[in-house]
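Peer 1: Work from the hints to combine the two standalone chains into their complex.
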Amino acid sequence: MIKISKFGIGVRPATKMFRLSSLSGLVVDEILAARGKKPFDDKYYTKVLNIATNMEEVRLINDDKSNSLIMNWNDILFTKEIMGTEKKIDINNAMDEFNKVWKIIDEILLVRDVRRIGIFVEHTIPSEIEHVSRRLIDALTTINKPSHPAKFSLTYEERRPTIEGAAPDIEKSDMLNIIHNYYDGEADATKPEKQSIKADLDVQRYFSPSTSDVPSEVSKLKKVLIAERERLDNFLHEKRLLSNA
Amino acid sequence: MRKRPFNRPSNYRQRYGEYLDNVSDTQSTLTSPKPDDIGDHDYISVPPASKQSDVSPKFITFRDFSLTFKTIGMVCSIFLIVVIPLVWFFSNLNTNVQTLRIDVDNMRNKIENLWVETIQQRAKIDAIEKHSSDTQVRASASSPLNKK
Numbered sequence: 001m002i003k004i005s006k007f008g009i010g011v012r013p014a015t016k017m018f019r020l021s022s023l024s025g026l027v028v029d030e031i032l033a034a035r036g037k038k039p040f041d042d043k044y045y046t047k048v049l050n051i052a053t054n055m056e057e058v059r060l061i062n063d064d065k066s067n068s069l070i071m072n073w074n075d076i077l078f079t080k081e082i083m084g085t086e087k088k089i090d091i092n093n094a095m096d097e098f099n100k101v102w103k104i105i106d107e108i109l110l111v112r113d114v115r116r117i118g119i120f121v122e123h124t125i126p127s128e129i130e131h132v133s134r135r136l137i138d139a140l141t142t143i144n145k146p147s148h149p150a151k152f153s154l155t156y157e158e159r160r161p162t163i164e165g166a167a168p169d170i171e172k173s174d175m176l177n178i179i180h181n182y183y184d185g186e187a188d189a190t191k192p193e194k195q196s197i198k199a200d201l202d203v204q205r206y207f208s209p210s211t212s213d214v215p216s217e218v219s220k221l222k223k224v225l226i227a228e229r230e231r232l233d234n235f236l237h238e239k240r241l242l243s244n245a
Numbered sequence: 001m002r003k004r005p006f007n008r009p010s011n012y013r014q015r016y017g018e019y020l021d022n023v024s025d026t027q028s029t030l031t032s033p034k035p036d037d038i039g040d041h042d043y044i045s046v047p048p049a050s051k052q053s054d055v056s057p058k059f060i061t062f063r064d065f066s067l068t069f070k071t072i073g074m075v076c077s078i079f080l081i082v083v084i085p086l087v088w089f090f091s092n093l094n095t096n097v098q099t100l101r102i103d104v105d106n107m108r109n110k111i112e113n114l115w116v117e118t119i120q121q122r123a124k125i126d127a128i129e130k131h132s133s134d135t136q137v138r139a140s141a142s143s144p145l146n147k148k
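So the protein lines, in turn, are chains A and B. First residue of the first sequence? That's 1 in our numbering, and the numbers climb one at a time after it. First residue of the second sequence? That's 1 in our numbering, and the numbers climb one at a time after it.
Isolated chain B (complex conformation) (with noise of 0.2 Å):
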């Protein structure tokens, strides 16, 4: 019986497996030509590092006083990312009592001329309502069929 074309390992795959098989300049890591035999003779100390040499550029230095390029850079984002954000939002918050307490005496002065203006139209609409009823009982008693 023929076998699927599918079942059968790719020519390709094939290849590659015998490449694998056959690669030959594999070596470990660590497998280098090396000279002759080297000894300590052949070193040459080195002091350890100085603490110095861990430094950053000086930018501004005053007897005791010194600053780095960093230190400057930090103040500065500081200053740009968190200071002028608070000094805004706090400059526009009104904290002022006085200010806040005149604030109140005036709305509660609006709140009572209002409340006067509403009792004057109230009286207002009363007189207009009563000479109304006025003029209606006078017309209705001067009227002919009254007198029949």
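The following block holds chain A by itself, in its conformation from the complex (with noise of 0.2 Å):
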């Protein structure tokens, strides 16, 4: 299986959480609190965004920003990343991580009301060809081959109903969006890496009505990431981007 190089949950409720600005000391004070127990480690997050300057975002990372939480009146965004050439990220920890933080935030934030939850997961493949914009586009599209291309990338989303063989309810707007994305590494914009293929893999839940239990979510829309996993595997080896090795 292809290995994860970040890793990110994202809550967005379908209200402004105004309460933020005024709460937010709390729940930073409460996370902190929790470094040191499991499944934290002590240095888990180092240093905080100053509340001060910023009212409606809040931020914790660690010294090399490998673990992120980004809090503003829109989302609650969890993430993790790989620095370096460290092991690969597993799924289940980062859910159990994810799980303890959001008890810690749902305590004082009281989330209620939330519209979308995605699980977002991105795969870095070493690739041995200098080209690989050139090879991204012979695999993925039929373009005429351009000379010199880079940074190719191609983006698209495919949208699902939520309940299988039934009937489902256009009134209540409820879908399952997964975001594709294929890119050469070095059109990367956060951390551009040359002769490298990235695949990003995006699952979204649209809820309508709205839900509040978001680690019961969190856990089926898993289950759809492990599916939609296994098809990018699948479809990277047919398209030969991805060696059997």
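Since the hints were made in silico from the structure, they are not lab data. It cannot be assumed that every hint is accurate.
[As the list claims (entries may be wrong)] Here are some chain B residues pointing at chain A (derived, C-beta under 8 Å):
id, residue
1, Gln14
2, Val23
3, Thr29
4, Leu30
5, Ser32
6, Ile38
7, Ile44
8, Ser45
9, Val46
10, Pro48
11, Cys76
12, Ser77
13, Phe79
Glycine residues also receive a C-beta, built at the ideal position from the N, C-alpha and C atoms.
Peer 2: Here is the structure:
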């Protein structure tokens, strides 16, 4: 199975969380106090965005920015990223860490009416070929080969009804949205890497009516993500973008 | 030729398909409106968590002897679930050899008594049978028919 280089869970409530401005200090204190207890190590978060200067956003990161938590009026984003050539990210461990963070946040902010939950994974595939963009154009498109292609990127969304087989409810506009993204590692906005292919999967569920049981819904979405990762792995093998070794 | 109704996709499903094609509020999970550029100078460093924060509240503390609620709870649970049933079980088990030997002696005496009683009963039955046969013999000897 392909290695995950970045993992993120995003929760978007249907309405803005203005209460964050007054409760953010409490949330930060509780999260920092949870460090050193399972599943967090002592240095899980070591830096906090100055709350006094940014009333609408709270950020916690660690020294190498491999762990990050962003909370603002619109979203709560929990991310983990591999820095350098570390071991891979384990989905189950990352889920445990998210659930612990979420429990602390939810106890204070009482997050209700969630419109969207998404799980994002980025896969980095080292490539022996120098011209990664050309390789991706050949494998994924029928575009006439440009002489010097660079920073190739292909993104599309795949929307599905949430209830398989049964008639879905249009009025509730409940659906699954899977965003596929293939691009040249050189085109990465935050961490450009030459001679690498990036394959991102973003599995989202839009809720209507809104949900408040985030851990349970994240757990269900994880199953969809695992199935989609298997599909992606097979697809990359089929397109010979991933070697069998 | 007219198509059969059930071969046509339902209007409802078609409408749902159109809805999925026209959803416009989708975005990547990690895309979120950001405030102005944030640099490292905007962050406040916090020291790593101290090791003491993982220690549960103390229940009993006496110099270097300390017990936590968790430890007390575990000891009580083990006592209730394991120790008490074991003590009850073994208290009902008679392991005294002397008592067992006395029980065996008593049993042997009872068996011997039963044997003696059986022999005595047998002797009595034999005596009764002998007496009855003697009586019959005497009666037949004194009968007038025998005199003839």
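Peer 1: Compare the structure with each hint and give your call.
Peer 2: Structure-based check of all given hints:
1. The beta carbon of Gln14/B is not positioned within 8 Å of any beta carbon in chain A (closest approach about 10 Å), and the interface hint is therefore violated.
2. Interface restraint check: Val23/B against chain A, minimum CB-CB distance 7 Å, threshold 8 Å, status holds.
3. The interface hint given for Thr29/B is met, as the beta carbon of that residue sits about 3 Å from the closest beta carbon of chain A, less than 8 Å.
4. The interface hint given for Leu30/B is met, as the beta carbon of that residue sits about 5 Å from the closest beta carbon of chain A, less than 8 Å.
5. Checking Ser32/B against chain A by beta carbon gives a least distance of about 4 Å; that is within 8 Å, so the hint holds.
6. Nearest Cβ of chain A to the Cβ of Ile38/B: about 7 Å, under the 8 Å cut. The hint holds.
7. The interface hint given for Ile44/B holds, since its Cβ lies 5 Å from the closest Cβ of chain A, which is under the 8 Å cut-off.
8. For Ser45/B, the shortest C-beta to C-beta distance to chain A is roughly 5 Å, which falls under 8 Å, so the interface hint holds.
9. At its closest, the beta carbon of Val46/B sits 6 Å from a beta carbon of chain A; the interface hint therefore holds under the 8 Å criterion.
10. Because the closest C-beta pair between Pro48/B and chain A is about 4 Å apart, less than 8 Å, the hint holds.
11. About 24 Å separates the beta-carbon of Cys76/B from the nearest beta-carbon of chain A, more than 8 Å, and the hint is not met.
12. Here the hint on Ser77/B is broken, as its CB sits about 21 Å from the closest CB of chain A, past 8 Å.
13. Taking 8 Å as the C-beta cut-off, the interface hint given for Phe79/B is violated, the closest approach to chain A being about 27 Å.
The earlier numbered hints that this structure contradicts are 1, 11, 12 and 13.
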